[in-house]
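A.B. asks: For reference, the chains in residue letters:
Number of protein chains: 2
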Amino acid sequence: MSENINTQTPPLANGGRGAHVCLTPALLPLFNVEDYIVVVIDIFRATSSICYGIENGAEAIIPVSQVEECAAYREKGLDYLLAAERDGSVVEGFDFGNSPFSYTKEKVAGKTIVLTTTNGTHALHLSRSAKKIVIGSFLNLTALSNWLNTQNENILLVCAGWKNNFNLEDTLFAGAVVDQLKDKGFVLDDAAIAANDLFQTGKHDINVYLKKTSHGERLKKLGIEKDIEFCLQIDLTTAIPVLEGEKLVKLKA
Amino acid sequence: MSENINTQTPPLANGGRGAHVCLTPALLPLFNVEDYIVVVIDIFRATSSICYGIENGAEAIIPVSQVEECAAYREKGLDYLLAAERDGSVVEGFDFGNSPFSYTKEKVAGKTIVLTTTNGTHALHLSRSAKKIVIGSFLNLTALSNWLNTQNENILLVCAGWKNNFNLEDTLFAGAVVDQLKDKGFVLDDAAIAANDLFQTGKHDINVYLKKTSHGERLKKLGIEKDIEFCLQIDLTTAIPVLEGEKLVKLKA
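In order, the protein sequences belong to chains A and B.
Quick note on the working numbering: the first sequence kicks off at 1 and runs consecutively.
Quick note on the working numbering: the second sequence kicks off at 1 and runs consecutively.
So here's chain A without its partners, still in its complex pose (with noise of 0.2 Å):
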């Protein structure tokens, strides 16, 4: 666009609320974060064992960004389940990977997880100054919309991405919660829009629509594949974690 016209919509824009998406991370310093409730979205698949985990009563779950840093917990002494994975298998000495598949009643009821996830701790961080961080997936999508829209704040929703890189399974996310809200009032910026035009490409069938993407050979051969249909499960959860400190609870109703 040239210099002198301004594409962007501010927060409460025409009076109404805002529903943003921010593609990626290195896209967050455009966004006065804290004017939004922010979204966490790693749909692969991290948010969504984190939202796995915490309806199954995890008490908290810690995200942390490298194996070492979990490991630390372990030497702290602290009684807590510690999640890491290297190239789709669990690095020795940890008790479980990513897979939610691990996040089960049976194994993380009333215990506290510490969980690696590079991307989406970088995500949690550059939100830090949000007035308050979600967690969002398609497990939870229906309960986490319904919630924001009780909400009277801007929403943004973050994709937590690949290394920065836009991603497709985060965005159809985002594009999933933006077609729950654009009827309630919000203002949608091009972001939002563009998202949900993705998701309406992509809703008859999720996963067929991520075939499609550069990495489902990858995904293929990490053995990820049952993960990958377990993430787009839509509202098979109700629970809404939140970050509360350093830890990510149970929103309360």
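Hints should not be assumed to be uniformly reliable.
Note that identical chains are pooled: a pair holds if it fits in a single copy or bridges any two copies.
What the hints assert, rightly or not - Cut-off 27 Å, straight-line C-alpha distance, at most; resulting in silico cross-link-like pairs (DSSO-like, lysine-lysine):
| no. | residue 1 | residue 2 |
| --- | --- | --- |
| 1 | 111 | 226 |
| 2 | 211 | 184 |
| 3 | 220 | 182 |
| 4 | 107 | 252 |
| 5 | 163 | 131 |
| 6 | 184 | 111 |
| 7 | 182 | 163 |
| 8 | 182 | 203 |
| 9 | 184 | 220 |
| 10 | 226 | 105 |
| 11 | 111 | 182 |
| 12 | 203 | 131 |
| 13 | 182 | 76 |
| 14 | 247 | 132 |
| 15 | 247 | 105 |
| 16 | 252 | 184 |
| 17 | 221 | 182 |
These aren't lab readings, by the way, just hints derived from the structure by calculation.
If you're wondering where the values come from, they're calculated on a predicted model, not measured in any experiment.
Once you've looked at the hints, dock chain B against the given chain A.
C.D. replies: Relative to chain A, chain B alone:
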């Protein structure tokens, strides 16, 4: 994505050329720009006016960021046409603004024009290390796509956006180019897939599609609706502007 799952297509992945989309200049540092032919895209209105001006025989177009830089060319005493706008009106003392209607044969044939475009210049500057930089708009869509297909290089479609923000019109055009390349053996990244799917959603009436965007009202206020319509015409021109030093000139076949 989890830290251990690489979703990004590296250049020339799978032995094929990459057709990748950089959704805003803020994401350019994520690409090895020197591995690509870059197409700079700033549909409303810089790159549309540049395509039209070069088609109509302008000897060269020099893009600059600021009105003051543009004015400096006058002080140099050079016989350039100076184009600068503020708030949709030609700045006093300048020859014309950014409307493509100013770039007719009668006005520009044989001339060098200094064009003020903040976002376009920003994108050009950040792309400087590319193998080649060309200019795209709906006006030269097919000529540009055909030429790109004859080059044995990775293609990076750089959306100039607005102050580093994502915008729909530049992304839709990137998707239109991907549409012409996608069956020619190019490997697409997630952003290219997304841009193409958005183009599929909007292509039946791009003008109507873009009216959904947040800035439809703003463009109306600026009174540049006729410019917008003009910029959305497909294949009105065949010239491909290419950057040589500081100047955009016609690419020789």
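A.B. asks: Are the hints correct? Go through all of them and say.
C.D. replies: Hints versus structure:
1. 111 - 226: Result: close within a single copy only, 25 Å intra versus 62 Å inter.
2. 211 - 184: between (32 Å within a copy, 20 Å between copies)
3. 220 - 182: Classified as between; 23 Å across copies, 35 Å inside a copy.
4. 107 - 252: The answer is within: 22 Å in one copy meets 27 Å, while 67 Å across copies does not.
5. 163 - 131: Answer is both; intra-copy 25 Å and inter-copy 25 Å each pass.
6. 184 - 111: Answer is neither: 37 Å inside a copy and 52 Å across each miss the 27 Å cutoff.
7. 182 - 163: The answer is between: 25 Å across copies meets 27 Å, while 29 Å in one copy does not.
8. 182 - 203: Both: 16 Å inside a chain and 22 Å across chains, each within 27 Å.
9. 184 - 220: between (39 Å within a copy, 25 Å between copies)
10. 226 - 105: within (19 Å within a copy, 61 Å between copies)
11. 111 - 182: Answer is neither: 37 Å inside a copy and 49 Å across each miss the 27 Å cutoff.
12. 203 - 131: Cα proximity of residue 203 and residue 131: none, with 30 Å in one copy and 38 Å across.
13. 182 - 76: Result: close neither inside a copy nor across copies, 46 Å intra and 53 Å inter.
14. 247 - 132: within (13 Å within a copy, 48 Å between copies)
15. 247 - 105: within (19 Å within a copy, 64 Å between copies)
16. 252 - 184: For residue 252 and residue 184, only the intra-copy Cα distance (23 Å) is at most 27 Å; the inter-copy one is 53 Å.
17. 221 - 182: For residue 221 and residue 182, only the inter-copy Cα distance (25 Å) is at most 27 Å; the intra-copy one is 38 Å.
In the structure shown, a violation is registered for the earlier hints numbered 6, 11, 12 and 13, in ascending order.
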